[in-house]
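K.L.:
Same order as they appear, the protein sequences are chains A and B.
For the first sequence, counting from 1, position 490 maps to 490 in the working numbering; every step adds exactly one.
For the second sequence, counting from 1, position 496 maps to 496 in the working numbering; every step adds exactly one.
No lab work stands behind these hints: they were computed from the structure.
Some clues are possibly wrong.
Claimed, not checked - In silico SDA-like cross-links for lysine to any residue, where the CA-CA straight-line distance does not exceed 20 Å:
id, chain 1, residue 1, chain 2, residue 2
1, B, Lys255, A, Gln116
2, A, Lys255, B, Asn119
3, A, Lys375, B, Arg479
4, B, Lys316, B, Pro223
5, A, Lys402, A, His453
6, A, Lys123, B, Ala249
7, B, Lys445, A, Glu102
8, A, Lys194, B, Pro181
9, A, Lys402, A, Asn491
10, A, Lys194, B, Pro185
11, A, Lys398, A, Lys445
12, A, Lys194, B, Pro189
13, A, Lys304, B, Pro185
14, B, Lys123, A, Val446
15, B, Lys331, B, Asp196
16, B, Lys194, A, Pro189
17, B, Lys123, A, Pro254
18, A, Lys255, B, Arg187
19, A, Lys194, B, Thr186
Quantities reported herein were computed from a predicted structural model and do not represent experimental measurements.
There are 2 protein chains.
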Amino acid sequence: MSLERIRLASLHNKVISAQQAAELIKDGMTVGMSGFTRAGEAKAVPQALAQRAKQHPLKINLITGASLGNDLDKQLTEAGVLARRMPFQVDTTLRRAINNGEVMFVDQHLSETVEQMRNKQLKRPDIAVIEAIAISKDGHIIPTTSVGNSASFAIFADQVIVEINTAVSEELEGLHDIYIPTYRPTRTPVPLTKVDDRIGTTAIVIDPAKIVGIVFNDTLDSPSTVTPPDEETQGIANHLINFFEDEVAAGRLPKNLGPLQAGIGSIANAVLSGFQHSSFEDLVMYSEVLQDCTFELIDAGKMKFASGCSMTLSQKYGDRVFGNLAHYKDKFILRPQEISNHPELVRRLGIIGINTALEFDIYGNVNSTHVCGTKMMNGIGGSGDFARNAHLAIFVTKSIAKGGAISSVVPMVSHVDHNEHDVDILVTEIGLADLRGLAPRERAKVIIENCVHPAYREELQSYYDRACKIGGHTPHILREALQWHINLEENGHMLATKPEAKSA
Amino acid sequence: MSLERIRLASLHNKVISAQQAAELIKDGMTVGMSGFTRAGEAKAVPQALAQRAKQHPLKINLITGASLGNDLDKQLTEAGVLARRMPFQVDTTLRRAINNGEVMFVDQHLSETVEQMRNKQLKRPDIAVIEAIAISKDGHIIPTTSVGNSASFAIFADQVIVEINTAVSEELEGLHDIYIPTYRPTRTPVPLTKVDDRIGTTAIVIDPAKIVGIVFNDTLDSPSTVTPPDEETQGIANHLINFFEDEVAAGRLPKNLGPLQAGIGSIANAVLSGFQHSSFEDLVMYSEVLQDCTFELIDAGKMKFASGCSMTLSQKYGDRVFGNLAHYKDKFILRPQEISNHPELVRRLGIIGINTALEFDIYGNVNSTHVCGTKMMNGIGGSGDFARNAHLAIFVTKSIAKGGAISSVVPMVSHVDHNEHDVDILVTEIGLADLRGLAPRERAKVIIENCVHPAYREELQSYYDRACKIGGHTPHILREALQWHINLEENGHMLATKPEAKSA
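Chain A with its partners taken away, still in its complex shape (with noise of 0.2 Å):
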């Protein structure tokens, strides 16, 4: 215990056990908890609560920013304690929980959860588990690596129960930037203009009567898991700093490239990560997570500054980051996921978005969240808050997954995240097809001719062919349209016979 982390001197005496902080969450309850792809969540209560469950059975609805780490969505699901799950997550156990039809899970665009709340379309948190670097002498609660939905979390729940990580240094303190929309209908502009300017306060302000209880933990985040690039995922950045290269010597694009958004995930990191051996200097980031590759960037003298609402690093990065934080602090700022993901700052500040793509169809349309149009693999994320108002909305994928039984280019996808009116630029290993201002048939020329993996052109270009003499301002043939997925759930490959068969 460290009460010197509790600067509110009045608040002393909140100091709970983890078990009893779990008791204060009650059957059928609506529970707000910090944490954003596997950072800054909070750590003892969650699994005191999975705990309790075992003996006395409980369900509530899990809100929170996005993944948890530390497998707690897993001990969660195990406990049999989530009711409903949202906004997001990349746990193994809860998305079978999910596809079974256990867990009822909202997948949802990451800007609006809070959104919905303010305006009470969604319930809001009975209580709040938030986790902190420390309470401020005002007793406002300083959060950890990620800010996510913490602070509106906090704001709306009648209870807060603070959970103080002893691991994490103090020296985060002035990385957060929390602003709040004002309510409508006086609502406000958000008064951002450059990726670095700072809107907020530095702590998650609410009324320290507030605050039920405060737990002690001593737990690091899970390590990011993201694999290390490899030749597809630089074949893709690669076309991309192509791609880039030319936008700027157009003029389309200036010479640091504006804003950048990457996903989560091992494709976009290692994609960015690609850019360390570009030419362009002076790079700023305006995303959802700082993945490793954020920090490769400022350590490679290429990017200047990053926005995010979290961290999420490998256990390397993590040490480097957090052992010289002076080193860092001024280069990148945490806002609450609303903020980072806004479709008013999206589009004023012309960000370019970078998502990965489970697969994407001849069109332009993109599947991101379902395989086979029916198992929810993570969510959609941040993606859509990028991709609909962003000044390039670009997808990146291998070309082909499972050994080449899979092609990530497809007659039609099975399920529509991101639709051909979103859809900017599209990028495998094999190429890039720029979609911009191009009719539909126009897409499925440079799509075939750029992206799809040559095991599967000549099928998906016979499809185009055939379609294309039934005729339509997208032509397809709708018996066959989804033929590709149905041969994957029943042959476990995509086309009839055996795609590494034909390949050369």
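Following the hints, complete the assembly by docking chain B onto the known chain A.
P.N.:
The following block gives chain B in isolation, referenced to the frame of chain A:
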């Protein structure tokens, strides 16, 4: 000719005939023309262009605000003038050419066209043809019944042709509010916080030296072709009114509901018209097109202010409004479509967007554009601009079409324009489904229970039940998902047996 409408005398010598103006449009040019939903389009020059093309063929890329009136899209298509067309159309002849692959149609969010031109992502017009009521003493262009994309087209084009419409009263001067966002990276917030804020100029500010020709016309806009309300549209309106009353009672909406947007067309117009008989007062609109319903609500004392980018009225309402402009003039305003549909403003103001669906599926995905996934109807228009960022994204449609051969509620939509993440409320004359905060399986339940026509309910329930046995977050049977559309294409009706035979 009315030279007094050219108030900058040095421009008097720019008056030319429509034929001379049409000669300024060369083969291969990108041409930006005024006109939005059959309002305020240049009339004499495109007609002269179509005539000329019959003798001397040429192809252009034609970009407008939205659809043109006076059969101009038909005439230009028949004359073979259109190589490319964007961003919206409603003409039968043009539609056929688009679906035959003869005209490349780019179906775009209406707020994005000039933004993409500003950033040089879309080719800027070589020449702009803009209808005006007059040219000001400073040589600036005062638009007629729509602003649409006219301002940015005139700003971007090297050459501008002005068509002065003497059939439109100069009394319209002062109705327009032209605001152009600044360039990135120093763009500032759009300074609009209330629907009746005036943030721009009353005329389009350009260098008058760019005006290469001034043509006179005296043709009125085509009257709106909206059909009158019927039992189904009144049923949809009643469901919506009940829903809004509940929202107000629950404190989720203010008493005047907040700014309303209604999509172009008979259904949305009829639905809003139905609000005359509601208890709501002091309604305001922040919409794209101001249709009859806007002025009906103003006349009924229900609506106090309406902001739009064009006015598309029936003969009756046109006579009433233009015949009594002094009475209406302080009650509405016309802005560029980039501003009427701006994501920043849609989110800030908390707009309630009411748009028409062609079909929606049991999970809440909406198709607004493609018949059977392939054939373009009109285009997405502004529905995506509003739905994605709205306080409430509402889609309305009659539950069946073509005498019952088509169900508007299907297992899986054949094209997605608005996905499950963006759609809040679905309404047919059967009932209303409130999807907020629901997981896909929960959405399917309320949609099947509330929105489906009885003739299709059993089949849809059967599909859903069998899909659930297979499992998944979003259960589907891929082999059957598009079968209703295949049936429609092959047999002319969606079910294996004609639904009329099954309905009571």
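K.L.:
All hints are to be evaluated individually against the structure, with a verdict given for each.
P.N.:
Status of each hint after checking the structure:
{"no.": "1", "hint": "B:Lys255 with A:Gln116", "result": "18 Å, holds"}
{"no.": "2", "hint": "A:Lys255 with B:Asn119", "result": "14 Å, holds"}
{"no.": "3", "hint": "A:Lys375 with B:Arg479", "result": "16 Å, holds"}
{"no.": "4", "hint": "B:Lys316 with B:Pro223", "result": "9 Å, holds"}
{"no.": "5", "hint": "A:Lys402 with A:His453", "result": "13 Å, holds"}
{"no.": "6", "hint": "A:Lys123 with B:Ala249", "result": "16 Å, holds"}
{"no.": "7", "hint": "B:Lys445 with A:Glu102", "result": "16 Å, holds"}
{"no.": "8", "hint": "A:Lys194 with B:Pro181", "result": "16 Å, holds"}
{"no.": "9", "hint": "A:Lys402 with A:Asn491", "result": "13 Å, holds"}
{"no.": "10", "hint": "A:Lys194 with B:Pro185", "result": "8 Å, holds"}
{"no.": "11", "hint": "A:Lys398 with A:Lys445", "result": "19 Å, holds"}
{"no.": "12", "hint": "A:Lys194 with B:Pro189", "result": "11 Å, holds"}
{"no.": "13", "hint": "A:Lys304 with B:Pro185", "result": "16 Å, holds"}
{"no.": "14", "hint": "B:Lys123 with A:Val446", "result": "19 Å, holds"}
{"no.": "15", "hint": "B:Lys331 with B:Asp196", "result": "9 Å, holds"}
{"no.": "16", "hint": "B:Lys194 with A:Pro189", "result": "11 Å, holds"}
{"no.": "17", "hint": "B:Lys123 with A:Pro254", "result": "18 Å, holds"}
{"no.": "18", "hint": "A:Lys255 with B:Arg187", "result": "17 Å, holds"}
{"no.": "19", "hint": "A:Lys194 with B:Thr186", "result": "8 Å, holds"}
When the structure is compared with the earlier hints, no violation turns up for any of them.
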